[in-house]
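Following the hints, position chains A, P and S with the ligands against chain C.
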Amino acid sequence: MDKKLIVNDFSIHVATVNGSGSQSSNAVLLKSIFQMGIPVSGKNLFPSNIMGLPTWFTIRVNKDGYIARKKEVDILVAMNPQTAVDDIKALRPGAVCVSPVELNLDKIRDDVQHYLVPFGELANKASDNVKLKKLLTNIIYVGVVAELLEIDQVEIDAAIARQFEGKTKAIDLNIHAAKIGREWAKENLKKSDPYRVERLNLTQGKIIVEGNKAAAIGCLFAGVSVVTWYPITPSSSLCEELIDYLDRFRTDKETGKKSYAVVQAEDELAAVGMAIGAGWAGSRSMTSTSGPGISLMAEFVGFAYFTEIPVVIFDVQRVGPSTGLPTRTSQADLLSAYLLSHGDTKHVVLLPNSVGECYEMAMEAFDLAERLQTPVFVLSDLDLGMNMWMSDPFIYPEKPFDRGKVLSKEDLERLGGFGRYDDVDGDGMTYRTLPGTEHPKAGYFVRGSGHNKNAAYSERPEDYMYLMDRLLKKFDNAKALIPQIEVDQNNDAKIGIIAFGSTHWAILETRDMLANEKIATSYCRLRALPLTKGVEQFIDAHDRVYIVEQNRDGQMLDILRMEMPHLTAKMKSVRHYNGMPIDAEFVVNGILEQEKNAR
Amino acid sequence: MDKKLIVNDFSIHVATVNGSGSQSSNAVLLKSIFQMGIPVSGKNLFPSNIMGLPTWFTIRVNKDGYIARKKEVDILVAMNPQTAVDDIKALRPGAVCVSPVELNLDKIRDDVQHYLVPFGELANKASDNVKLKKLLTNIIYVGVVAELLEIDQVEIDAAIARQFEGKTKAIDLNIHAAKIGREWAKENLKKSDPYRVERLNLTQGKIIVEGNKAAAIGCLFAGVSVVTWYPITPSSSLCEELIDYLDRFRTDKETGKKSYAVVQAEDELAAVGMAIGAGWAGSRSMTSTSGPGISLMAEFVGFAYFTEIPVVIFDVQRVGPSTGLPTRTSQADLLSAYLLSHGDTKHVVLLPNSVGECYEMAMEAFDLAERLQTPVFVLSDLDLGMNMWMSDPFIYPEKPFDRGKVLSKEDLERLGGFGRYDDVDGDGMTYRTLPGTEHPKAGYFVRGSGHNKNAAYSERPEDYMYLMDRLLKKFDNAKALIPQIEVDQNNDAKIGIIAFGSTHWAILETRDMLANEKIATSYCRLRALPLTKGVEQFIDAHDRVYIVEQNRDGQMLDILRMEMPHLTAKMKSVRHYNGMPIDAEFVVNGILEQEKNAR
Amino acid sequence: MVSSTTPPAPKAPVTNKIGLTLADYKGSPSTLCDGCGHDAITSQIIKAFWELSIEPHQVAKFSGIGCSSKTPAYFLSRAHGFNSVHGRMPSVATGAHMANHKLITLGVSGDGDTASIGLGQFGHLIRRNVPMVYIVENNGVYGLTKGQFSATADIGSTLKDGTVNRQTAIDLCGLAIELGCGYVARSFAGDPKQLVALIKGALAHKGTALLDVISPCVTFNNHDGSTKSYKYAKEMDRPLHELGFIPFYEQITVDYEPGTVQDVQMHDGSHMRLKKIGNDYDPTDRFVADRAIHQSHKDGTLLTGLLYVDESQQNYSSLANLVDVPLASLGQNELRPPKSALDEIMAELT
Amino acid sequence: MVSSTTPPAPKAPVTNKIGLTLADYKGSPSTLCDGCGHDAITSQIIKAFWELSIEPHQVAKFSGIGCSSKTPAYFLSRAHGFNSVHGRMPSVATGAHMANHKLITLGVSGDGDTASIGLGQFGHLIRRNVPMVYIVENNGVYGLTKGQFSATADIGSTLKDGTVNRQTAIDLCGLAIELGCGYVARSFAGDPKQLVALIKGALAHKGTALLDVISPCVTFNNHDGSTKSYKYAKEMDRPLHELGFIPFYEQITVDYEPGTVQDVQMHDGSHMRLKKIGNDYDPTDRFVADRAIHQSHKDGTLLTGLLYVDESQQNYSSLANLVDVPLASLGQNELRPPKSALDEIMAELT
Ligand SMILES: Cc1ncc(C[n+]2csc(CCOP(=O)(O)OP(=O)(O)O)c2C)c(N)n1
Ligand SMILES: Cc1ncc(C[n+]2csc(CCOP(=O)(O)OP(=O)(O)O)c2C)c(N)n1
Ligand code: SF4
Ligand code: SF4
Ligand SMILES: [Mg+2]
Ligand SMILES: [Mg+2]
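Chains as they are written, first to last, in my numbering: chain C, 1 to 599; chain A, 1 to 599; chain P, 1 to 350; chain S, 1 to 350.
Take the hints with a grain of salt, since some may be wrong.
Said to hold, decoys possible - A few chain S residues that face chain P, going by a derived Cβ cut-off under 7 Å, partial list only: (1) LEU119; (2) GLY123; (3) LEU175; (4) GLU257; (5) GLY259; (6) ASP263; (7) ARG273; (8) PRO338; (9) LYS339.
Bear in mind the hints are in silico, worked out from the structure with no lab data behind them. Yeah, the Cβ is synthetic: ideal placement off N, Cα and C, and Gly gets one too.
Pulled out of the complex, with its shape left as it was, chain C reads as follows (with noise of 0.2 Å):
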């Protein structure tokens, strides 16, 4: 075994049964190290399913700040005798296994440094109560791995402090429990393996969420209004954070009076139409879904896109077809979102990469839908919606809201009317007025059927045309509007790398990897549909390009290749869709598999 330390650079992998209270022990077990300023990641995997099935989180502790997934497991805590002897064997040789004693997994692999530990037995030193002991046993195995890795209690202690705020009792009993693994391994166990930690200040200042809570605070300072939903997962945290933001900044302390209103829908149809009819109303409304949702949306949507209301939808991605892998993340609902409804449709799709963009993309999603009045799409991840991700803190928004362009009473008065679909400002965007506007004139009929300039019933050929046409130029100014690519040209590059999302992350990695490997590379990162100028002027400036995405049928390709014809010879395709985040090392192998033939 290789005696060398390796400080700050590895990944943690903890095993156990769903519902059985880990997701706190691993959640201050990811803080502590955080807290010694060392960056991390927390991935949990788990199944769709409540209580009793297999579950696993994975910590990536990295000085570099890589927070990608990484594929290899350094150290293993292997708590759950269901999958415990798959997991062991899917180690690689030399890494670390803790693992309660009486699983004998060393006998299954002795080229793994195995610690035994007697959770059981330390259990009962923490608790006398047999549920608790069950709860507890979780809190020890992080005073073990802390003890191993040279985590620092004081960490732990304020992680917990944190963790349980208020419940005084949960902190003490917690803390108690981390000792007892923690002393249990300092006179035990003996440390052979190369991990540890070390102080760093890496991670002064910056936050950890996940990306449902962040666009759940974007949601709060967009200042939406109107929030309507129907429970899905990976969905349900973004509306379920925004509800409870809502319900503390944005509710009267005195009169207990909101100024937004949430409802819970019957499903995804009604989730769509209300908030519809509240963007149509005038108030900021946005619903939040994963795939089923969004099918189940297609028809409202291209109603929304015809008759051109504002409307902010979130889907946050987990592996389809049909209900698929709901606890599994996948970058495979970008064409239906694109594209979405029968007819000729094509909407904006805000792409976050980050938590930080999750927040500042919900704000711009409100501004756009109402500039544009149409629906914006949003989407996320599970992985970035579920996962915890380090970050900056959030920066408070200088822009005031774009409410787009909409005519008062005033207004009304001075122009004498207004043509509802008459493009008068030749940008393909017309002017609206909200339902209660008081003049005789502000009126108009919403209608998903054919309508001319003045919102007329019209089967017209040329006003159909007029329409149509129009809401393409709109499309295409909308391309000014949306969030830009941002792009990374390295002008000794042959070779450039598209990615969007949660992807990006490990795009990052791979590109360092392959420097490493003498490989220079651009990266073009694309932040929003429809695609812009700066895509193509990217793909043009390399030689090959590859997409990278977490799907199936390279959704991402796919436009590309529509909107960008005459650069497909370029467009190279590198796809990750077994449910599991894209990792760095899939997406090195994918590009160096593909330049052997190029070159």
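Frame of chain C; chains A, P and S with the ligands shown alone:
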């Protein structure tokens, strides 16, 4: 005015009010010409409303057999005061106009050949009954036109007899009224236009039928046994005709027992759910709808894709997005149908171009659905589905049903069991059993969530990838089974044309028109998705290929770009999307315009 | 008789309390079939709003898809209107109401739109008790798609071509009562007086008010064998009471004999006045209503009038405890919390 | 007491009339939370089918999405099963039934699956009277998505975090009766005896049979404040009668005092035997049922038993007049009309 006779080559445009009974008169006019052996086609332009709004019926008479829409009107019958002025203004100089004398249309245009007819007076002669008078006015104009064009009265009589089959009184009244029109015209009108019909023998043995009816006949002979539907224009008549046929030909004459079930569902979500349930249980099941219904079916279709359940879905396309123009034609559901549902999904789509193919592909669709165990779409459109098309009679199918891979009780006894999703044959298509199969190992559990080869729940990455890759393999193997492209390769041609569905008829004419301009073309007619190798070869063999389609976004072009990216440089696009059926002149102009720049 | 050639002095157009004429409540010309029941209902909607002197711009009109759902274009053209997708008007109206709870919300739907594709949303609208007047123009068929049976077609009734309906009808009034709706009425397009009173009452109700109005489709469902034809409805109409509406700003007069009249007070202070016709009927008892409705199905009669009323329930937006100003009118100051809020949140996440 | 060390002779496994053991009716192991009400219902389903000696392969199991909807995997693994999409199991079951009307069709759904997203399809299933046993495992919350209120949550009940539900519950039994369902029962996962009898009765019913079974979610809705907890249900359970089921192949015995028992004959000749407990209750009177159900809501009690039964209605497939052989079993000879038919059609089109 050109005094040269124009025989068997013109179009008649009849403007009336919907719900006024003109439909049967127009059919009589069309059929009488058809009976004279002259190729005709009839297109009905009607509003999305039941009564009182303008409607137009266009009959194209063409000795060369062109039956696409012709934009230019030669003979206008202007019966609708609401639209008469617009109608006449749209005529080209030298056209003919038959109109009620009291409309004074001759005051509006003097560069048109007018025939002013006292329809009121003539109707008075035809009947005393006020209601009947209105109705009979329609057949009176038929009489007038028949006289002007020299349509034989026997054919008018015969067509009336067919139209009102069994209703002797109606037949007599109509024949009488037609003669009144004819006699009056003979005595009072001075024929001074060039249009005439002359007997040919080009329609001998041919039929005239709407595409929806043709598809219904196809379903009947495909042995459909469960039909679920929800009314929607322009798809309703498909199921309604089918119901009539099933009632006639699939009901036991003695017992009244039916070998089929029809369910009028409460909506399209239920319609497709029922069809899927029925397909799973082993019947040949189908549903039929239009755009909004397709959107509502999105979730369920993804389910059937993922769980591999056969079902046939007809989409008689109308203009979208949303309600759009429900009584206008379009090919804009192509992408929706092909990619329907969230996650990675792709579907087999059949693209009939004619009533004959509506018939044949209906049958093929059921075979494919059962062979591939997947949803199969048949994309027709309003023009094809609801207009009258001349065709060779349909041929009784020789091919027996393909019921796909179904294991019986005996099979299971032999095999001792089976893996529902195990690719034992290596073609991506696996074996199923039907509920009710009397064997302890016959049962399996269908689920839209992740599953392994044995249909057991699984979240394992390997199982998911196996499933998704196999589905792709199956889709790939579908290419050999689906209707193949039809290519007319011209070795002199530098340019190729790709089209599909009802666009075909304009292409036939387009090619002749281009040939007249000394531009040779080849033609590749797509008959299904996924696209096959042959399309690639076709494109490869030409310098430029025009993809002609009836939607705004160039949806087939998009698919071609997605799937044949290396050939995109050759792809050009001609798109018609104003709701009217595409016409050859439009296509010719679209091609010539681009050819100018290309050369 | 004395005949005179002097033309009568042009009458000043009659205006309501806010100075508007009946014409100010009209919409664009109807494109429905001549004689369609829906047009008759449109007229009564216009009348009711005019008589109540409702500001047209304060109204929001909603519909789904169907001939019936086209009608909001034919009245109150000064109001904003929303012709949504098939069967899903309730969700749109719910969202719009939350965004602006000051709007007077009127929905018009068809029996297909509500009872077939829309059953789920209809049920949940009622469960939420979203304040709106919900008029179903019930003709037992899908008019716009040419006359197929809808889910309110009575068992045994026939289509024009003789096809018999074998399924029991969904009774939207019975259903609404079961789901707790606080204002449930049935009427007939051929009874303008009753209809106007019921619309006014519905407007005075504070939650969801359902009006199921038999509205014959003259083109597809007006034949013998139809139980939704003018003839059948006229013959079988059994009004529960004679109805009057007394707006809150008018004095209640008591000029009737005791026991002959019941006054139901609406939450805004208006009254529905129910004059007894035949048997006693207490519209505040849901069990009475349920029994009467289902008995009428057995009898083949059309029971019309105010079937059920309950003014005690809270509606959805009042439960939501919204600020008084419509959410749609709030500006950035009200909607975006201050920087201190973000700081607080960030502090919790470090 | 005499103690013995001889091991008892291994008992031959008990078999039913068709020679199958209880184990032959089981499914794969449950993955639900320990103590979940749904698992208790699963056991009673297994028991009822076994005791009735139903051939497992003749059964088709259906469900939507939710913890409850997972359960068909946990019983009758020899039967075909269909775990469909959320809220839309009724349509799938309807289609499957038409394709093969000989199948015994059993659906398991949740309150969210049925009363929230599935309300429309549920209503139309009942309207069509598709023969199936439809069990709602009702816990008042969405278990699988972690405990949000569903549309059957009672007004005033609370979530674990104290959130109060302000909307009235949809009572699926009341709704089913309103829509004409012919077999409507409520039960409790904690009352196995009643539940088994009701499942058997449902299987003997020829149309849609609804069983609304309170099935506590131990993880998210078993606290004080919940009206769907074990504790609340146990305390408030008010059985209408003591229930027994007598299959058609068993002799009916009359060994009770007159007036204490009511035997309801099912269409297959079986009987539901209702022993009087407290007040008289006539389950064949829909008005009685309606009143009892809504009274129980006022009282906060849980009324269980056979609420309503009506064996007179025709079901959907018998109305469809299908050939006797399941459509799914018909071959090309039966399904494809002869050439003469095509010739006839073609002749009409020339
Ligand atoms: C999703 C969808 N499915 C089907 C249709 C076709 N469609 C239009 S109107 C209508 C029925 C309308 O019936 P009803 O609500 O009773 O209105 P009526 O025309 O009778 O007034 C249908 C099925 C549609 N527009 N959208
Ligand atoms: C279209 C769709 N929307 C949302 C979901 C997420 N979802 C899964 S189960 C469920 C609720 C289940 O509740 P219920 O039917 O009461 O079952 P329980 O888990 O309580 O037994 C929801 C909303 C989904 N699977 N599909
Ligand atoms: S079809 Fe029927 S419902 Fe529609 S407008 Fe005509 S009469 Fe009215
Ligand atoms: S979450 Fe609730 S409903 Fe789901 S399995 Fe657990 S106890 Fe049962
Ligand atoms: Mg109707
Ligand atoms: Mg539930």
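Numbers of the earlier hints that this structure fails to satisfy, in rising order: 4, 5, 6, 7, 8, 9
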